[in-house]
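Undergrad: Here are the chains, one letter per residue:
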Amino acid sequence: MTHADSTASTDSTANPVPTTSETEEARYARGLAALRQVTGGESSAILDAISDIAPDLARFTVAFGYGDIWSRPGLTPRQRQIATVAALAALGNAAPQLRFHIAGALNVGCTRREIVETFIHTSVYAGFPAALNALAAAREVFAAHPADDDPVVKEAVDGDRYQRGLDALRAVDGPEGVHVVASLDDIAPDLGRYLVEYVFGDVYTRTGLDLPTRELASIAMCTALGTAAPQLRVHIRAFLNVGGTRTEVVETLTQMAGYAGFPAALNGLTAAREIFAETP
Amino acid sequence: MTHADSTASTDSTANPVPTTSETEEARYARGLAALRQVTGGESSAILDAISDIAPDLARFTVAFGYGDIWSRPGLTPRQRQIATVAALAALGNAAPQLRFHIAGALNVGCTRREIVETFIHTSVYAGFPAALNALAAAREVFAAHPADDDPVVKEAVDGDRYQRGLDALRAVDGPEGVHVVASLDDIAPDLGRYLVEYVFGDVYTRTGLDLPTRELASIAMCTALGTAAPQLRVHIRAFLNVGGTRTEVVETLTQMAGYAGFPAALNGLTAAREIFAETP
Amino acid sequence: MTHADSTASTDSTANPVPTTSETEEARYARGLAALRQVTGGESSAILDAISDIAPDLARFTVAFGYGDIWSRPGLTPRQRQIATVAALAALGNAAPQLRFHIAGALNVGCTRREIVETFIHTSVYAGFPAALNALAAAREVFAAHPADDDPVVKEAVDGDRYQRGLDALRAVDGPEGVHVVASLDDIAPDLGRYLVEYVFGDVYTRTGLDLPTRELASIAMCTALGTAAPQLRVHIRAFLNVGGTRTEVVETLTQMAGYAGFPAALNGLTAAREIFAETP
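Protein chains in written order, with the numbering used here: chain A, 1 to 280; chain B, 281 to 560; chain C, 561 to 840.
Some hints here could point you the wrong way.
As the list claims (entries may be wrong) - Residues of chain B clear of chain C, computed beta-carbon distances all greater than 12 Å:
| # | residue |
| --- | --- |
| 1 | Asp328 |
| 2 | Asn373 |
| 3 | Arg393 |
| 4 | Asp428 |
| 5 | Glu435 |
| 6 | Arg450 |
| 7 | Pro455 |
| 8 | Ile467 |
| 9 | Pro492 |
| 10 | Asn521 |
| 11 | Thr525 |
| 12 | Arg526 |
To be verified - To list a few chain C residues with every Cβ distance to chain B over 12 Å, as calculated:
| # | residue |
| --- | --- |
| 13 | Gly600 |
| 14 | Leu607 |
| 15 | Thr636 |
| 16 | Ala654 |
| 17 | Gly669 |
| 18 | Thr671 |
| 19 | Arg673 |
| 20 | Ala696 |
| 21 | Ala703 |
| 22 | Asp708 |
| 23 | Val738 |
| 24 | Ser743 |
| 25 | Thr767 |
| 26 | Leu771 |
| 27 | Pro772 |
| 28 | Glu811 |
To be verified - To give a feel for the contact side, a few chain C residues facing chain B, derived at Cβ under 8 Å:
| # | residue |
| --- | --- |
| 29 | Asp616 |
| 30 | Asn653 |
| 31 | Phe702 |
| 32 | Tyr722 |
| 33 | Ala820 |
| 34 | Pro823 |
| 35 | Asn827 |
| 36 | Arg833 |
By construction, these hints were calculated from the structure, which means they are not laboratory data.
The beta-carbon is built from N, C-alpha and C at its ideal position, and this holds for glycine as well.
With the hints as extra help, turn the sequences into a complete structure.
TA: Now the structure itself:
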């Protein structure tokens, strides 16, 4: 697979033409170059730790995870790292990799502010414990990666949270978002209000992470968790609403195969297919 | 939002009247008072740890998590803490918060026995590893919170486990519970027998945690896991069977938005809506 | 329940005849004998740690977990331990139990190679972080359990990965597997290619773990995760394709009740019932 081939075959209309001419060595070399972008040039302690008992998995991680997937066009390294730290934060069960990829996010150019905002965003999809633990991990990593930018921002909280949230909800999700809120009137109107006030009024309107990247993180988290199919559909639609592309959706779901498993990626694609079919 | 408004709007028939008159300061002050009930007066080390890099999330945790949600009427502080430790035990991926909320459960008046029983109950919904790890956490917390009550109880094990379980199953789930067991005859009759003998004969018949609180914990766990939709419906129905109210169901699901994320809460409400619709 | 009874009642056509004649003491004694096979004769530190605050759960773990479930015929101890370490690796949230059961797998005769292969297999179903963390745990356990066999194998990587994978896919999943890949042509053809090249070309064709055991592990992981229902159906069918029996499927799902909770086991049985119904 050359990158040109790869670009072609990520076109959601292309037919797959498996190109097996590429050697393992070429895939591994490309993967190693990608991994070095994430590690900032060092080798990966996590991979070194297993190379003695499972050298082939270490090889697969480089050749497949970084050579085949991470190196693909369609998402920038920054987008891939935001999607990855969001997914690992939401899963909450892979602390070493979360720290590794927070450092990786910094190494490919994400700001500390963007990482912090991603984890504040995590509170919506995986709860506050997941967000708090991810931020504790970020704190450790930031301490070891001195930087000039200040991740600490206190945003203004004045104004009408509900109205601000409703405007954001309309901008992001369109009529469907308002429908979700209205659908709670009969059973949990206050949760509908919290969706508007907290999720959209407090979180989505924050600066520091642009809307398409927020939705990219939402897609990554809902896909990795595998328990939020209705929300995944909502956020794939929202991502496209705010300027995301179908290729970016497919690339994000494909990347999740490496961090949450192929079933998570395949089930995410089932949701994507439904949404893509809405507007041929 | 005043508490009066909140009471009104948790009525599942009420229309949401977003009241945005309340200031951030008022929400934060109410949240801080609630948080102090949970911490027993101290500040939260977990929040302090992130206030340097994500002060806004610390603020959201207090104003939204404790001010908007935890302070709501409809569930007692003891019910909220049992639901929370059950959910965190089932998720098994937020150890610091589990320890924090076990201490919080003690601080709001839960007995050590109730906490231990909640985690024995966890073995049914999330497996023995989750239960054993939660009890290890409880052991740590209990050591730091000397109390008079003895959590250690060895219950009698004589008698007919199957008959005792069948009686409990009928009392809790009604005919539907018996149907679930019968439905296994064709494929895994012994698992049906274990449901009766272990889940109902051994666990549900234990003293130390009343039936409505057991079902409240079941609802919290099935909602947080997000992988047990059929069982969530069964236990919402069972909770209502044993005296729980619809408001308590809605409050428990709403609380899960904070500990497992909004998708978990929203999907739980979809299940609740189905059950509530059965008996208008 | 005597083992004879148990054998009878694991026949998926048998009607459950609850035999409650057996005493708690007999179940506990059988469980203790089973547990000693897993621990290699020692007592379980994990159980000892909780016996002071939850002696009844320690008792349930022995009498129910090991006496009722683990001691059942239908799966060999080696199969049970492979299913268990696969499930705990995929869940990624019970590190002490994962280490305990890796040692248990060695104690009942699994080779270090089989355990390593199981965790390489885990990368497919739960992602690389889960696989890497499980291998780090295996590394710790192996260091404390010197053995002669060498888990380290570097398999040849020459040849056509796509063709090799396609052959394996056909052998394992039959036409349905090819259909899953083809179904991705319209949206993510490259993920379809990775399924063939990585999952089947790189992983499934590896030696060191026979195909039925690989599918047993796939079933255990998809059941424990609870987020992969379509894939669980695929792999139950595949397990039967490569020589697995319905009784082994039911036993594996039943064992998951102990490690991931009864809802996971019950939902897995719903999938199994669908597959079993295809070929009466």
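Undergrad: Evaluate each hint against the coordinates.
TA: Okay, the hints, checked on the actual structure:
Remark: the non-interface label on Asp328 (chain B) is consistent with the geometry, its nearest Cβ contact in chain C lying 25 Å away (cut-off 12 Å). Chain C draws Asn373 (chain B) into its interface by the beta-carbon criterion, the shortest separation being 5 Å against a cut-off of 12 Å. The beta carbon of Arg393 (chain B) is not kept farther than 12 Å from every beta carbon of chain C, the shortest such distance being approximately 10 Å. Separation of Asp428 (chain B) from chain C is adequate, the least Cβ-Cβ distance of about 15 Å exceeding the 12 Å criterion.
A cut-off of 12 Å between C-beta atoms contradicts the statement that Glu435 (chain B) is not in contact with chain C; the least separation is 6 Å. With a least CB separation of 15 Å from chain C, Arg450 (chain B) remains clear of the 12 Å interface cut-off, as annotated. Every C-beta of chain C lies more than 12 Å from that of Pro455 (chain B), the closest at about 17 Å, which supports listing it as non-interface. The claim that Ile467 (chain B) lies off the interface is violated: its Cβ sits roughly 5 Å from the closest Cβ of chain C, which falls inside the 12 Å cut-off.
Remark: the non-interface label on Pro492 (chain B) is consistent with the geometry, its nearest Cβ contact in chain C lying 20 Å away (cut-off 12 Å). With a minimum CB-CB distance of about 19 Å to chain C, Asn521 (chain B) clears the 12 Å threshold, and the non-interface call stands. The Cβ of Thr525 (chain B) sits about 24 Å from the closest Cβ of chain C, beyond the 12 Å cut-off, so the non-interface label holds. Distance check for Arg526 (chain B) against chain C: the nearest CB is about 22 Å away, which clears 12 Å, and the non-interface claim stands.
Taking the minimum C-beta to C-beta distance to chain B, about 19 Å, the non-interface status of Gly600 (chain C) holds against the 12 Å cut. Distance check for Leu607 (chain C) against chain B: the nearest CB is about 8 Å away, which does not clear 12 Å, and the non-interface claim fails. Distance check for Thr636 (chain C) against chain B: the nearest CB is about 18 Å away, which clears 12 Å, and the non-interface claim stands. The Cβ of Ala654 (chain C) does not lie farther than 12 Å from every Cβ of chain B; its closest approach is about 4 Å, which violates its non-interface assignment.
For Gly669 (chain C), the non-interface assignment is confirmed: its Cβ lies about 23 Å from the closest Cβ of chain B, beyond the 12 Å cut-off. Non-interface status of Thr671 (chain C) relative to chain B is upheld: no Cβ of that chain comes within 12 Å, the nearest being about 24 Å off. Under the 12 Å C-beta cut-off, the non-interface status given to Arg673 (chain C) relative to chain B holds; the minimum distance is some 25 Å. No beta-carbon of chain B is positioned within 12 Å of the beta-carbon of Ala696 (chain C); the least distance is around 17 Å.
Against the 12 Å criterion, Ala703 (chain C) stays outside the reach of chain B, whose nearest CB is about 22 Å from its own CB. No Cβ of chain B approaches the Cβ of Asp708 (chain C) within 12 Å, the least distance being about 30 Å, so the stated non-interface status holds. With a least CB separation of 28 Å from chain B, Val738 (chain C) remains clear of the 12 Å interface cut-off, as annotated. Non-interface call for Ser743 (chain C) relative to chain B: holds, since the shortest CB-CB distance, roughly 24 Å, exceeds 12 Å.
With a least beta-carbon separation of about 30 Å from chain B, Thr767 (chain C) lies farther than 12 Å from that chain, consistent with its non-interface assignment. Separation of Leu771 (chain C) from chain B is adequate, the least Cβ-Cβ distance of about 24 Å exceeding the 12 Å criterion. The beta carbon of Pro772 (chain C) sits about 20 Å from the closest Cβ of chain B, which is more than 12 Å, so the claim that it is off the interface holds. The non-interface label for Glu811 (chain C) is inconsistent with chain B: the shortest C-beta to C-beta separation is roughly 9 Å, within 12 Å.
Against a cut-off of 8 Å between C-beta atoms, the interface hint on Asp616 (chain C) holds, since the closest Cβ of chain B lies about 6 Å away. For Asn653 (chain C), the interface hint holds, the least distance from its beta-carbon to any beta-carbon of chain B being 4 Å, beneath 8 Å. Because the smallest distance between the Cβ of Phe702 (chain C) and any Cβ of chain B comes to about 21 Å, over 8 Å, the interface hint for this residue is violated. Among the interface hints, the one on Tyr722 (chain C) is violated; its C-beta lies about 34 Å from the nearest C-beta in chain B, farther than the 8 Å criterion.
With a cut of 8 Å, the hint placing Ala820 (chain C) at the interface with chain B holds, because the nearest CB-to-CB distance is about 5 Å. Nearest Cβ of chain B to the Cβ of Pro823 (chain C): about 4 Å, under the 8 Å cut. The hint holds. This hint holds: Asn827 (chain C) has a C-beta 7 Å from the nearest C-beta of chain B, less than the 8 Å allowed. Annotation: Arg833 (chain C) was flagged as interfacial toward chain B, and the flag holds, the nearest CB pair being 5 Å apart, inside 8 Å.
Violated hints, listed in ascending order, are 2, 3, 5, 8, 14, 16, 28, 31, 32; each of the other numbered hints is respected by the structure.
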